[in-house]
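A.B. asks: Here's the letter readout for the chains.
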Amino acid sequence: MSGLTTKELLERFRVGDRRACAQIISFVENGAPEATLLLDELYPMMGRAYRIGVTGPPGAGKSTLVEKLAMECRRQGKKVGIVAVDPSSPFSGGAVLGDRVRMSSLFTDPEVYIRSMATRGSLGGLAGRTKEVCDILDAFGKDFIIVETVGVGQMELDIAEAADSTVVVLVPESGDAIQTLKAGLMEIGEVYCVNKSDREGADRMVMEIGTMLEMRAKNDGWMPPVVKTVATTGKGVEELFNKILAHRRYLEESNRLSERRRKVIRNEIERIIEERLREVFYHQPGVRKRLEEMVSDVEQRKVSPYQVADMLWKMYFGNEQRRV
Amino acid sequence: MKKKLRILIAKPGLDGHDRGAKVVARALRDAGFEVIYTGLHQTPEMIAEAAIQEDVDAVGLSILSGAHMTLFPEVMRLLKEKGADDILVFGGGIIPKEDMEVLYRMGCGQLFGPGTPTQEIVDYLKEKFPDRV
Amino acid sequence: MANEDIEKIKDEKERWLGCVNKGEPEKFQTVSGVPVDVLYTPADIKDLDYLYDLGFPGEYPFTRGIRHNMYRGRLWTMRQFSGFGTARDTNARYKFLLAHGETGLSVAFDFPTLYGRDSDDPMARGEVGRCGVAVSSLEDMETLFDGIPMGEVSTSMTINGPAAVLWAFYIVAAEKQGVPSEKLRGTIQNDILKEYIAQKSWLFPPEPSLRIITDIMAFGAKHVPKWNTISISGYHIREAGSTAAQELAFTLKDGMTYVEAGIKAGLDVDTFAPRLSFFFNSHLDFFEEIVKFRAARRIWAREMRETFKAKKPESWLLRFHTQTAGCTLTAQQPENNIVRTAFQALAAVLGGTQSLHTNSMDETWALPTEKAVLIALRTQQIIAEETGVINVIDPLGGSYYVEALTRELERQAYEYFEKIDALGGMVKAIEHGFPQREIAEASYRYQKAVDEGRRTVVGVNKYVLEGERLEIPILKIDPNVEKEQWERLARLRQRRDNERVKRALKDLKDACAGKDNVMYPILEAVRAYATLGEICGAMKEIFGTYSEPPMF
Chain A
1 MSGLTTKELL ERFRVGDRRA CAQIISFVEN GAPEATLLLD ELYPMMGRAY
51 RIGVTGPPGA GKSTLVEKLA MECRRQGKKV GIVAVDPSSP FSGGAVLGDR
101 VRMSSLFTDP EVYIRSMATR GSLGGLAGRT KEVCDILDAF GKDFIIVETV
151 GVGQMELDIA EAADSTVVVL VPESGDAIQT LKAGLMEIGE VYCVNKSDRE
201 GADRMVMEIG TMLEMRAKND GWMPPVVKTV ATTGKGVEEL FNKILAHRRY
251 LEESNRLSER RRKVIRNEIE RIIEERLREV FYHQPGVRKR LEEMVSDVEQ
301 RKVSPYQVAD MLWKMYFGNE QRRV
Chain B
325 MKKKLRILIA KPGLDGHDRG AKVVARALRD AGFEVIYTGL HQTPEMIAEA
375 AIQEDVDAVG LSILSGAHMT LFPEVMRLLK EKGADDILVF GGGIIPKEDM
425 EVLYRMGCGQ LFGPGTPTQE IVDYLKEKFP DRV
Chain C
458 MANEDIEKIK DEKERWLGCV NKGEPEKFQT VSGVPVDVLY TPADIKDLDY
508 LYDLGFPGEY PFTRGIRHNM YRGRLWTMRQ FSGFGTARDT NARYKFLLAH
558 GETGLSVAFD FPTLYGRDSD DPMARGEVGR CGVAVSSLED METLFDGIPM
608 GEVSTSMTIN GPAAVLWAFY IVAAEKQGVP SEKLRGTIQN DILKEYIAQK
658 SWLFPPEPSL RIITDIMAFG AKHVPKWNTI SISGYHIREA GSTAAQELAF
708 TLKDGMTYVE AGIKAGLDVD TFAPRLSFFF NSHLDFFEEI VKFRAARRIW
758 AREMRETFKA KKPESWLLRF HTQTAGCTLT AQQPENNIVR TAFQALAAVL
808 GGTQSLHTNS MDETWALPTE KAVLIALRTQ QIIAEETGVI NVIDPLGGSY
858 YVEALTRELE RQAYEYFEKI DALGGMVKAI EHGFPQREIA EASYRYQKAV
908 DEGRRTVVGV NKYVLEGERL EIPILKIDPN VEKEQWERLA RLRQRRDNER
958 VKRALKDLKD ACAGKDNVMY PILEAVRAYA TLGEICGAMK EIFGTYSEPP
1008 MF
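Chains as they are written, first to last, in our numbering: chain A, 1 to 324; chain B, 325 to 457; chain C, 458 to 1009.
Calculated from the structure, these hints are not laboratory results. Check each hint, because a few of them may be wrong.
Unchecked claim - The following label-pair restraints were derived from C-beta to C-beta distances:
#1 A:45 / C:878: 53 to 61 Å
#2 A:253 / C:956: 55 to 63 Å
#3 C:913 / B:455: 34 to 42 Å
#4 A:246 / B:455: 31 to 39 Å
#5 C:1002 / A:239: 17 to 25 Å
#6 A:204 / C:771: 39 to 47 Å
#7 A:246 / C:599: 54 to 62 Å
#8 C:998 / B:455: 45 to 53 Å
#9 B:443 / C:930: 29 to 37 Å
#10 C:490 / A:76: 51 to 59 Å
#11 A:76 / C:872: 45 to 53 Å
#12 C:878 / A:210: 56 to 64 Å
Yeah, the Cβ is synthetic: ideal placement off N, Cα and C, and Gly gets one too.
One chain only, chain A, in its complex shape (with noise of 0.2 Å):
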């Protein structure tokens, strides 16, 4: 199945073959040039899908949750696609992805779609290709899609940008470091989850979270919930669900929904034009190798990387001023 065209495999996913979504989702993780085409083709078939994002510490349990949160949809008749980013090894750039060993008891079950990402050369961040990931899952028929990652550094503004709604899992002992969490996982989670919480110090947990949750400088309307939870058991998963849910009513009423929407859209366009112009410019003859040149002027501090800047943009746009 590997020489199919791109027509054929288009319409092999049209008819729910998980090895054509499989291979449509890598030639776009891999920046295939047939990936922008796929993307376009199934570009109508996108938006129906509702994302959930999920992220916290290393160790709360979230893998476990977003198995419980799938299996909570599927009792609900729901189609779910799952994306489990981890990170890629900085030194190698391999990765071992090893979310699925709490998921296995969703493999087999021909309405879960489950793919797991390496975060590969985007800078701490989310997989570079974890939103088309998700599209592709939304056109593949999926009423949700769960995105798990690490909430640490830019990841979890990542999520929080490409979600639609954002769960924050915490457990009882995240209790001392929630200080240093607030400048981050405090600002982002539309829902909060207290996992593990049959440990001792859940309830005080909840409580705390509620208080920097009063203090946060914008709520826009929305009052994120706090649920207690304990993921291996499933307890709390379905009261989760819920409010997730009424996050989503309450997005959808309130017109925010669209809004965010059409937000991401615009970035998108925006990144898409972004990186061409990368493109275009460093394929400029000269470009790679003059900039390479200068190096060593900076470093010897003969020129400022600014001078250089302006030198490689004259090379491209001629002497139009651009230096803010």
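Following the hints, complete the assembly by docking chains B and C onto the known chain A.
C.D. replies: Below, chains B and C alone, put in the same frame as chain A:
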């Protein structure tokens, strides 16, 4: 842009000896590959389905329980049934020579015995997939 | 020794070192990577307090051994772990081993049994009778011990997740032979914590597993007083690739966790602690292994007396079974494994083991043939009766090196205890994946060293025979075993009183959901011929299942 080599490492059956599978997973990561690790106690059906959804190039099975003559053929059969027999199935474990011969005739990829240096596995995959990184 | 003498020895050693070519230091480490000096002197053990740190055999802190007269009084039990195919096949092997001088039985179950699944479970396909014997019901256990006097033989069963059920099979099978449970001697491994850490044959999450274990301990203390209700095992931790210090530390910490659980369940520590036994690995590094056993005894005695306030001396002493290290056997030039095993067995004996299994040369390939297992048994008999090492207790005690290294391992173990305590204890540490990660690290490091030739494995990365052919016979498991088991189970399910089975399983579930000891309803279900899979399935309905934290 070269496609990343993606490998599924799986432990089929009930055998819990995952030391080898984990060492190999790490060695493949250190060689720059993306490894999807599915954990213990997988049925052939689960492995074949995961291989497809993850669009891996190869599936590595680690079997030390003596059940290789049941599990390897079953994974290969299921991949074929799902139109994915271009996915390479290779493996490791305690497999007597005459069983290896039978599995090779069925189209199984390389089977690595105890004491194989991990580099040998890395080299094998690189050679099998020269257009991947 | 006086301080000035120590100082003088130190100076003299410095001078002497000047004449020594010590080689590259990284080449001289134990198998676990502990750097060792080229020579040890009294300066290395200057703080050693003989009476406090070593004492006398059979006396606190038991560093030198747990019996007053050790092997002069009684040899270790020669106990070969064995099981394959059907209960009938294995029954014949047991009779063979007993006829050749083995003194205790040790049951190896197949994977489906270890996971509490019947031979006809879909997950069992291809694995029935492969790595051990298939025991799915009381009927299989009766066959396994047919013609073997259960009141006389001592039996060790390597079983963990479903230990309560297999033990119940054993107790009821003995009942049918007319042997009361009070007379039964043996061990069930029943060590669930190391399953999460290393061996991975768990059934339920940690909390209910610990509850079952305390139920077993309470039942044993009352009805099966000569039975070791738990064998806290480092063997599998080591096989998963840990260092000696990790094996020592994680195993002892597991043991302390069971003691805490027992105390928390309201049991008096002195009622169950004497029935706790241990199971260690004997690996390649001769001296490191010997000191591991010595350190284990000392740490356990101190912790039991000082931390857990046990009053009976029997509660302080650490009794252990040893198995030579399966992971050190090579598929290449398998005959060399006889030699490896002999050294490992000798280390176990010099370390004061109470019972011993020696691996057979062919075990990387399959379960051992009769010939191979006989050589393994003979190895123990040669050590016991030809070498003279049993004449003197702890003959290496007092060696500067051995005492210094004993203390070093003890220190490393306490370092791990602190780390585990900081995580909130062993169960929490396991949930965090801490011991798993430490072991995965160590195992990867070791493999790299072998791959890069920094560590020699004879016949594998050095002294390789080109074009080697396997010249030893390999035991084949009859592929019909699986089918035979299916048929036997089908007949059993038809023959038995299924209403009684249903009632028994319902009572069992009620006990699981409540607080009653689960052993009683399990025994009732077993008497009704409920199968292993049915009993474990009922318990899973209440207790749930477990999946591992992914660690690399």
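A.B. asks: None of the hints should be skipped; say for each whether it holds.
C.D. replies: Right, here's what the structure says about each hint:
no. : hint                       : in the structure
1   : A:45 / C:878: 53 to 61 Å   : 55 Å, holds
2   : A:253 / C:956: 55 to 63 Å  : 57 Å, holds
3   : C:913 / B:455: 34 to 42 Å  : 38 Å, holds
4   : A:246 / B:455: 31 to 39 Å  : 49 Å, violated
5   : C:1002 / A:239: 17 to 25 Å : 22 Å, holds
6   : A:204 / C:771: 39 to 47 Å  : 44 Å, holds
7   : A:246 / C:599: 54 to 62 Å  : 59 Å, holds
8   : C:998 / B:455: 45 to 53 Å  : 50 Å, holds
9   : B:443 / C:930: 29 to 37 Å  : 32 Å, holds
10  : C:490 / A:76: 51 to 59 Å   : 53 Å, holds
11  : A:76 / C:872: 45 to 53 Å   : 50 Å, holds
12  : C:878 / A:210: 56 to 64 Å  : 32 Å, violated
The earlier numbered hints that this structure contradicts are 4, 12.
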